[in-house]
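**Q** Sequence:
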Amino acid sequence: MSEQTLTTICSQFRNRLRKMLMEYGVLQTVLLTLMVAAGMVLADWYFRFSPDMRMLSLVAVLAVLGTGILFGLYRPLKRAWSDREMLEYMDRAMEKGDDMMTTLSDLSHPEKMKEWETEQGKQIVRTIVSDLEARARNADVGKVLRLRPISLWRKVAVAVLALYVAGFIFPRDKLTDSAYLTIGLKRMILPYGSIFWPQKTRLLVQATEAGWRVPRGEPLAIRVKVEGEVPPIVNISYRSSGSDQEITERMAVNAVGAEATFTFGEMTEPMTFYCTGGDDLERRRYSVTLAERPMITGIKAAYTYPKYMRLPNRELKSGQLSGPEGAEVKLDFTVSTALKKVLITLRFDGDETNQPPVEITEFKGTAFAHGMRLARNGSYSVELTDKEGLKNGKVEKFDIKVEPDNPPEVTLEEPLRDMLMTANGRLRIKFRAKDDYNLTDVNVMLSPAGANGMPLSDKITGPVFVGTTTLHPDSACEFDLDFPRENEKGTIKNLKLQNGAELELWVRAVDCNPSGNGVSESSKVRLSILTETDFMDAVVLKAKELMNDAQLGWYSAAGAYHDGAAWVKTATDDEMLNNILLQQQALERAAAAAKLHYEEVVQHMQRNRLQHVFMSKRMDKVGSMINEIGTFVPQIAAKIAAGRPGSSQEEEPASRRAKMARALQTTLQDQNKAAWQMKLLYDRLADWVSLQSVLLKTRRIEEMQTKVNSST
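Following this note's numbering, the numbering of the sequence shown begins with 1 at its first residue and continues without gaps.
Quick caveat, the hints were computed from the structure, so don't treat them as lab data. Each hint should be verified, as a subset may be incorrect.
[What the hints assert, rightly or not] With a straight-line Cα cutoff of 30 Å, these simulated DSS-like cross-link-like pairs (lysine-lysine) come out:
(1) Lys394 / Lys340
(2) Lys639 / Lys595
(3) Lys496 / Lys430
(4) Lys659 / Lys639
(5) Lys595 / Lys679
(6) Lys544 / Lys621
(7) Lys391 / Lys317
(8) Lys300 / Lys341
(9) Lys174 / Lys122
(10) Lys542 / Lys524
(11) Lys621 / Lys673
(12) Lys341 / Lys397
(13) Lys401 / Lys391
(14) Lys340 / Lys300
(15) Lys679 / Lys697
(16) Lys434 / Lys542
(17) Lys697 / Lys595
(18) Lys330 / Lys225
(19) Lys401 / Lys544
(20) Lys330 / Lys307
(21) Lys397 / Lys387
(22) Lys542 / Lys707
(23) Lys595 / Lys430
(24) Lys595 / Lys542
(25) Lys434 / Lys307
(26) Lys659 / Lys569
(27) Lys330 / Lys430
(28) Lys122 / Lys186
(29) Lys330 / Lys300
(30) Lys174 / Lys186
(31) Lys364 / Lys341
(32) Lys544 / Lys524
(33) Lys621 / Lys659
(34) Lys621 / Lys697
(35) Lys430 / Lys391
(36) Lys639 / Lys617
[What the hints assert, rightly or not] Label pairs and their in silico Cβ distance ranges:
(37) Thr118 / Ser82: 27 to 35 Å
(38) Thr337 / Thr272: 46 to 54 Å
(39) Arg609 / Leu416: 20 to 28 Å
(40) Ala255 / Ser379: 29 to 37 Å
Where is the CB? At the ideal position from N, CA and C, for every residue including glycine.
Turn these sequences into a full structure, and let the hints guide you.
**A** What follows is the structure in structure tokens.
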């Protein structure tokens, strides 16, 4: 037989062998996988595997499947059998093979044999080859393969498939109409899915909003929702990562809400837990991990002081801020983890309005910075949010203590009180400003009542104060505000100086505090603008007050004179003496008030250039009399003061009365003279007021006539 024929026989046998091995491997792998899967499903039914156990079941089934594919299919099919191996296998498998196939292969090249060298040897070889070829042609190669084992696997496959078909038909769940086998296979294929065996009770553990990641040191509440039949007790079993012991606690079920709750006080280490109750024995495990809340690990505060304070800059490792007002502070924070954002909220003492928080989203690794200027006492809080949205449990709060930079002290020395003015008036303004460090701006402000002030130094006075880099804490100035002149120049034309106008005058000073709090204003003086006629009316009223002062002095001096003359005769009535002294004091007050009111009347006339209207010569004589009285009355008071007791012996009633009687005796003529001077002053004032009243009526008639003429 030729070598080509043997090769063909080997190829046919090799192909049939591969087909048989493939069928054998497939049957073996599938059947073993189905049998192991069925076993796992059955075990899951009896023991209610947890998701982790179901995962192990799936891994076991996949391992069997992989092993079957490896050893039953991949390795046998990958093997390359040589023709020699095929021939040897057929010799072993055939009945009465006697190495027939390998011998034919050897005799296919007789020239290599020693027997082939002789004719007799050649004849023997040909005879043997002829016999073997006849036997090889009659041999059935298909019978060489052992088909009995594969037939057995086929029968087993039919049986297993029949069982699976039956399992997919019954038993079935009445609620879902799913076969138990289907449910079991789904549970195994999806171990962590929400797939349950048919049961009366089902426990559903409710995850928290943050999942099962809990900040360290905070409580964890486990809520279990019960569906179906509600058992009285639900067990929770847990094991911490640092312990091998599993602890089981009992939870009472609220029948109304069908819910059980268990709270862990403080979470200090990771753990796993599961819940069981009723016929729900799933043991579905939940892993709780711990999260570290972000926290501030370091703060550096760099203080930069204004130059005028002449203080060296400094750095402190503290978030508590303390320093002089106006200082700049740069805060450098270091935190424990990477952040998503930071909110810094300021709160000032006495400020009920909530300041909008400052949001920071720019970070350098685990560090960020924020700057502020010290202005008021208060506090600031820092809220951290990490990349996972977890906030710092307790918001860090730091105090702000500010050493106040006292605002400037500013005093308006002239005028001191509200003034009546005409559009023709002139006002003397005098003020002083002072600061602890430095002044940057000082201005006299003038405006209609209730409006923003117009700085007079811009156009009228010129710069009142020029700021410098050196300490310059004081500023003072005085000048005349001349309404007609400034109105002619156009500097105060917007003020509309007309009858009924109300102006406010004050001084504003600003120091060098960069926080903007160093602004002070003096008390405001109101300037009421009147017509000349209305102004005359007001001055006449002021003169009538002067008349009242003169009348009071007249009556007081006359009373003191008459009562004193009567008392010195007996010098026994203490009540009369007290009355005399009171009248003397009233005389002194009247003289002082007359001098003050006279100065006001004169200032009104001079300030508004109306001396010619008010008969200034007559008023000058009144002034001379007031000055004389002002000098004379204190002399009377000094003589009476000399009559008071000067020692303890003079405190005796008799001595005291005698000494006072001698003193009063020396003042009787002076008091009589003072009474006549006050009466004369009163008469002159009454004469002046009468003349002014007539003049005032005449002017009003004239103004009314002018108004009538203009309207007709």
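**Q** Work down the list of hints and note, for each, if the structure agrees.
**A** Structure-based check of all given hints:
1. Lys394 / Lys340: holds, 17 Å
2. Lys639 / Lys595: Holds: Lys639 and Lys595 sit about 22 Å apart, inside 30 Å.
3. Lys496 / Lys430: Given that 30 Å is the threshold and the Cα spacing comes to 24 Å, the pair holds.
4. Lys659 / Lys639: holds, 11 Å
5. Lys595 / Lys679: holds, 15 Å
6. Lys544 / Lys621: holds, 17 Å
7. Lys391 / Lys317: holds, 24 Å
8. Lys300 / Lys341: holds, 19 Å
9. Lys174 / Lys122: Not OK: Lys174 and Lys122 at ~85 Å, beyond 30 Å, violated.
10. Lys542 / Lys524: holds, 23 Å
11. Lys621 / Lys673: holds, 18 Å
12. Lys341 / Lys397: Holds, because 17 Å separates the two Cα atoms, which is no more than 30 Å.
13. Lys401 / Lys391: The hint holds at about 27 Å.
14. Lys340 / Lys300: Status holds; Cα separation ~21 Å.
15. Lys679 / Lys697: Holds. Lys679 to Lys697 sits at ~27 Å (cutoff 30 Å).
16. Lys434 / Lys542: Violated, at roughly 36 Å.
17. Lys697 / Lys595: This hinted pair holds, its Cα atoms lying about 28 Å apart.
18. Lys330 / Lys225: Distance of about 52 Å is beyond 30 Å: violated.
19. Lys401 / Lys544: Status violated; Cα separation ~58 Å.
20. Lys330 / Lys307: The hint holds at about 17 Å.
21. Lys397 / Lys387: holds, 22 Å
22. Lys542 / Lys707: holds, 28 Å
23. Lys595 / Lys430: holds, 23 Å
24. Lys595 / Lys542: Given that 30 Å is the threshold and the Cα spacing comes to 12 Å, the pair holds.
25. Lys434 / Lys307: holds, 19 Å
26. Lys659 / Lys569: It holds: about 13 Å lies between the C-alpha atoms, which stays within 30 Å.
27. Lys330 / Lys430: violated, 43 Å
28. Lys122 / Lys186: violated, 74 Å
29. Lys330 / Lys300: Satisfied, since the Cα-Cα distance of roughly 8 Å is no more than 30 Å.
30. Lys174 / Lys186: holds, 17 Å
31. Lys364 / Lys341: holds, 12 Å
32. Lys544 / Lys524: holds, 28 Å
33. Lys621 / Lys659: violated, 38 Å
34. Lys621 / Lys697: Distance ~24 Å between Lys621 and Lys697 Cα, so the pair holds.
35. Lys430 / Lys391: violated, 60 Å
36. Lys639 / Lys617: violated, 34 Å
37. Thr118 / Ser82: 27 to 35 Å: holds, 33 Å
38. Thr337 / Thr272: 46 to 54 Å: About 25 Å separates the Cβ atoms of Thr337 and Thr272, which means 46 to 54 Å is violated.
39. Arg609 / Leu416: 20 to 28 Å: Given a distance of about 21 Å, which is inside 20 to 28 Å, the answer is holds.
40. Ala255 / Ser379: 29 to 37 Å: violated, 49 Å
Going down the numbered hints, you'll see the structure goes against 9, 16, 18, 19, 27, 28, 33, 35, 36, 38 and 40, while the others check out.
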